[in-house]
Amino acid sequence: MSFIEGIKEKARQNLKTIVLPESEDERTIRAAAKVVEEKTAKLVLLGNEETIKADAAKYGVSVEGVKIVNPETCEKLDEYVALLTKLREKKGMTPEKARETLLTDKTMFGVIMVKNGDADGLVSGACHSTANTLRPALQVLRTAPGKKLASGFFVVDVPNCTYGENGTFVFADCALNQDPDSEQLAAIASDSAESFEALVGGHARVAFLSHSTKGSAKHALVDKVTGAVAAAKSEYPDLDCDGELQLDAALDPTVAALKAPGSTVAGHANVLIFPNIDAGNIGYKLVQRLAKAEAYGPMLQSLAAPVNDLSRGCFWQDIVGVVAITAVQAQLADKK
Numbered sequence: 000m001s002f003i004e005g006i007k008e009k010a011r012q013n014l015k016t017i018v019l020p021e022s023e024d025e026r027t028i029r030a031a032a033k034v035v036e037e038k039t040a041k042l043v044l045l046g047n048e049e050t051i052k053a054d055a056a057k058y059g060v061s062v063e064g065v066k067i068v069n070p071e072t073c074e075k076l077d078e079y080v081a082l083l084t085k086l087r088e089k090k091g092m093t094p095e096k097a098r099e100t101l102l103t104d105k106t107m108f109g110v111i112m113v114k115n116g117d118a119d120g121l122v123s124g125a126c127h128s129t130a131n132t133l134r135p136a137l138q139v140l141r142t143a144p145g146k147k148l149a150s151g152f153f154v155v156d157v158p159n160c161t162y163g164e165n166g167t168f169v170f171a172d173c174a175l176n177q178d179p180d181s182e183q184l185a186a187i188a189s190d191s192a193e194s195f196e197a198l199v200g201g202h203a204r205v206a207f208l209s210h211s212t213k214g215s216a217k218h219a220l221v222d223k224v225t226g227a228v229a230a231a232k233s234e235y236p237d238l239d240c241d242g243e244l245q246l247d248a249a250l251d252p253t254v255a256a257l258k259a260p261g262s263t264v265a266g267h268a269n270v271l272i273f274p275n276i277d278a279g280n281i282g283y284k285l286v287q288r289l290a291k292a293e294a295y296g297p298m299l300q301s302l303a304a305p306v307n308d309l310s311r312g313c314f315w316q317d318i319v320g321v322v323a324i325t326a327v328q329a330q331l332a333d334k335k
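Take the sequence shown: its position 56, counted from the start at 1, is 55 in numbering that gives the first Met the number 0, and no numbers get skipped.
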């Protein structure tokens, strides 16, 4: 069973309600129809019901079974206005501004639904920037108790690959923190290991990536990564991690034996921590495009409730997968 089929099986065991704000996008409509068909989540589409159903018919799919909420006529609009005003009043939010925001920003409307307990998670980003998805989530939901920062990761499933966990990896941070310092990298690594074990299964082996392996190069960029390894081993003693490691040393046992002998992670890594967002973003897209990998995300971790982003270059099938992952994250959140 593939990674995503396993996730869908988990999602079916306890259906969660996931909001899709981007009903104007054909991929979202097609994905909604497939999610309902596969029974991996209860769905809410935001928008005008007549328009959504007309678009679905035009695309040859059915949204029967999908709850459609029009923010303009929603019976809970006043309740949501009051909640957003309360949450953001120290930032100058007024009831008038809150109402305007909720009626013009469907992602914020969806996030407020999650905050109010009317939905369990949200997926957006097919036709909006990452900032448009992350900003409302960070402003309204914020980080979970005990977490230092939110970060973004991808689950990358590479076909016919013997590395990682049968070809499946977590890559982080590829979406949110542009240039994390050593302490932040350590926290991202701990959270990414937790996400790996919850979603993929198996034991997380975390590699802090660099252009250097075990002192083969000297540079401030290397120092940041070695500092992250030291911080991780100090603050998260149960984390199975190592670094700094070049990618080949992290994945290939033969190279690892030469460059990092004795390491429990080198040659066996399944969680890859990139030194900055440039490396992470380039890395996942290289694997996705050249190795024909499935890349799900960017998923967000350490928020108080699951909100996940999409690449604007995603396919509708990617949205189906991210909805299932979001539903499983919501299941896991119930257990904490």
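Where hints are given, some of them may not hold.
Claimed, not checked - Derived DSS-like pairs: lysine-lysine, alpha-carbon spacing no greater than 30 angstroms straight-line:
{"#": "1", "residue 1": "K89", "residue 2": "K66"}
{"#": "2", "residue 1": "K96", "residue 2": "K85"}
{"#": "3", "residue 1": "K146", "residue 2": "K284"}
{"#": "4", "residue 1": "K90", "residue 2": "K52"}
{"#": "5", "residue 1": "K89", "residue 2": "K147"}
{"#": "6", "residue 1": "K213", "residue 2": "K223"}
{"#": "7", "residue 1": "K41", "residue 2": "K146"}
{"#": "8", "residue 1": "K66", "residue 2": "K284"}
{"#": "9", "residue 1": "K85", "residue 2": "K232"}
{"#": "10", "residue 1": "K284", "residue 2": "K75"}
{"#": "11", "residue 1": "K85", "residue 2": "K57"}
{"#": "12", "residue 1": "K75", "residue 2": "K114"}
Unchecked claim - Cβ pair distances, simulated, as ranges:
{"#": "13", "residue 1": "K232", "residue 2": "E95", "range": "46 to 56 angstroms"}
{"#": "14", "residue 1": "A256", "residue 2": "K217", "range": "32 to 42 angstroms"}
{"#": "15", "residue 1": "K89", "residue 2": "T253", "range": "19 to 29 angstroms"}
These aren't lab readings, by the way, just hints derived from the structure by calculation. Where a beta carbon is used, it is the ideal one built from N, C-alpha and C, also for glycine.
Restraint status (C-alpha distance of K284 to K75 at most 30 angstroms): The hint is violated at about 40 angstroms.
Agreement of K75 and K114 with the hint, judged by alpha carbon distance not exceeding 30 angstroms: Cα-Cα ~13 angstroms, so holds.
Agreement of K213 and K223 with the hint, judged by alpha carbon distance not exceeding 30 angstroms: holds, 13 angstroms
Pair hint K41 and K146, alpha-carbon separation not exceeding 30 angstroms: Given pair K41, K146 holds - Cα atoms ~28 angstroms apart, limit 30 angstroms.
Beta-carbon spacing of K232 to E95 - inside the hinted bounds 46 to 56 angstroms or not: holds, 51 angstroms
Hint check for K217 and A256 - Cβ pair distance inside 32 to 42 angstroms: violated, 24 angstroms
Whether the CB-CB distance between K89 and T253 falls inside 19 to 29 angstroms: Once the Cβ atoms are compared, 56 angstroms apart, the range 19 to 29 angstroms for T253 and K89 is violated.
Holds or violated: K89 to K66, with C-alpha atoms at most 30 angstroms apart: violated, 33 angstroms
Proposed proximity, K232 with K85 (alpha carbon, max 30 angstroms): violated, 40 angstroms
Pair hint outcome, K146 versus K284 [Cα-Cα no greater than 30 angstroms]: holds, 28 angstroms
Restraint check for K89 with K147, where alpha carbons must lie at most 30 angstroms apart: holds, 22 angstroms
Given pair status - K85, K96, alpha carbons within 30 angstroms: holds, 12 angstroms
This entry does not satisfy hints 1, 4, 8, 9, 10, 11, 14, 15, going by the numbered hints stated previously.
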